[in-house]
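K.L.:
Starting from the known structure of chain A, arrange chains B, C and D on it as the hints suggest.
Protein chains: 4
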Amino acid sequence: MTPADLNAFFKDAFPNGRAIVERADGETAICRLPFDPGSIRPGDTVSGPTMMSLADTVVYALILSRIGLQPMAVTTNLSINFLRMPGRADLIAEARMLKLGKSLAVSEVAIRADGADAPCAHAVVTYSIPPKR
Amino acid sequence: MTPADLNAFFKDAFPNGRAIVERADGETAICRLPFDPGSIRPGDTVSGPTMMSLADTVVYALILSRIGLQPMAVTTNLSINFLRMPGRADLIAEARMLKLGKSLAVSEVAIRADGADAPCAHAVVTYSIPPKR
Amino acid sequence: MTPADLNAFFKDAFPNGRAIVERADGETAICRLPFDPGSIRPGDTVSGPTMMSLADTVVYALILSRIGLQPMAVTTNLSINFLRMPGRADLIAEARMLKLGKSLAVSEVAIRADGADAPCAHAVVTYSIPPKR
Amino acid sequence: MTPADLNAFFKDAFPNGRAIVERADGETAICRLPFDPGSIRPGDTVSGPTMMSLADTVVYALILSRIGLQPMAVTTNLSINFLRMPGRADLIAEARMLKLGKSLAVSEVAIRADGADAPCAHAVVTYSIPPKR
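Residue numbers (the working numbering), protein chains in the order written: chain A, 1 to 133; chain B, 1001 to 1133; chain C, 2001 to 2133; chain D, 3001 to 3133.
No lab work stands behind these hints, which were simulated from the structure alone. By construction, the Cβ of each residue, glycine as well, lies at the ideal position given by its N, Cα and C atoms. Do not take every clue at face value.
Footprint (simulated), chain C over chain B, 3 or more residues, beta carbon under 8 Å [what the hints assert, rightly or not]:
| hint | stretch |
| --- | --- |
| 1 | 1077-1089 |
| 2 | 1097-1110 |
| 3 | 1117-1129 |
Pulled out of the complex, with its shape left as it was, chain A reads as follows (with noise of 0.2 Å):
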């Protein structure tokens, strides 16, 4: 699947999803999530589960864009570490493929605020990859 294939995607099964995906070539992900007031918490800055979300967000993308359409891939783990406070900003989110074996998927993700070279969060995620029928 391309990010405009991906983008599609999201948009029906997420209708009130904000992130965009940027890049996904199997390899790599990036998504992109607008920066959006609702988003804040104490200390006015994005708050964590927005940032959770995104991470979990880009490592679907990255998976679907290598074993394409599979809706049913599901999160089994997903360990972050809030790093810095990103602010009021756009956030860049980046994943990695660690592993993609038959059953289990394995990423890793950094995220930054916009233009920031420092990242805000970096998760490691799992995914369940249905098995073919």
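P.N.:
For chains B, C and D alone, coordinates are given in the frame of chain A:
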């Protein structure tokens, strides 16, 4: 802080939040997330990010019920395993304090679909506690 | 497999292993690690890797007590939080099954210094179960 | 601290330790673990606990190379994914600093069997840094 205090704080801090604190006594906390069709993902089940956000919220409630209104307590690590699909249901998250130190608090969370025995997700969440002034 | 079966298997598979299975009933398992001065780290306390190894072992025991002797059950993910220093003491690890699916088993583990109430470490461990032939 | 300093400290603090610091420059660190038949698990492959211990060690080396000899830096969280079996081989662990804050340091680690391209394990490790006196 009591559940009523926490719900008032959350309403103010997270105008879009929907989780309701039902218990919070410094050692345990329970939050309910009423079902919302907007939280569905493929498979007709409440999405992973919805559960991650709930896990984060119930631990925030637990910690504030113990240390008082310190909004700048922030999540440093969240690790979640998704165990079963909850389907379309209210979610009940129950948190338990594993350690409250000077600078870090670690809690575990079980999330169940309302009425289910087996958890649909299990998380461990670490918050950083701001230093006393 | 019973605790006696498991201890015999472990003795054979891990000649250097020192953990003793005290209980394993398919839902919970308990292993004791006798104190060994060789496991000390700076601070005069049992080291983190010693606790990680014990967490991994007690879950292996738990899973084999449920599914029988399948040595190729392998850990896919282990996440551990170190909560308090155990000092110089036997360690008692207690595991509880959170989910046993067709291909993945998820368990949580609390480790305590012998005689202590509060856990010194808490882990969540996922094993991959080999497919039935 | 230089690699030579770190190897001297490790030899003293962990007489049974076998990992060798090959690089440690405050931003990255590399440790090699020579193959030892005693570290084998069923499947004729280096065991998971061996890799967990190595991940913990390489991050300890990385942090001490940055902050100096502070032996009471302690692991607070370690999360590891096992990706492929390394077989019988030396292991090379490479750590990279994600964040060094006042009280917490977060690093990621890739472990490879010597000569392999793909990692056999990936870990994220958080240490607590003792406060300056």
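K.L.:
Now look at each hint and say whether the structure bears it out.
P.N.:
Hint by hint, here is what the structure shows:
no.	hint	verdict
1	1077-1089	holds (count 4)
2	1097-1110	holds (count 4)
3	1117-1129	holds (count 5)
The structure is consistent with each of the numbered hints, conforming to all of them.
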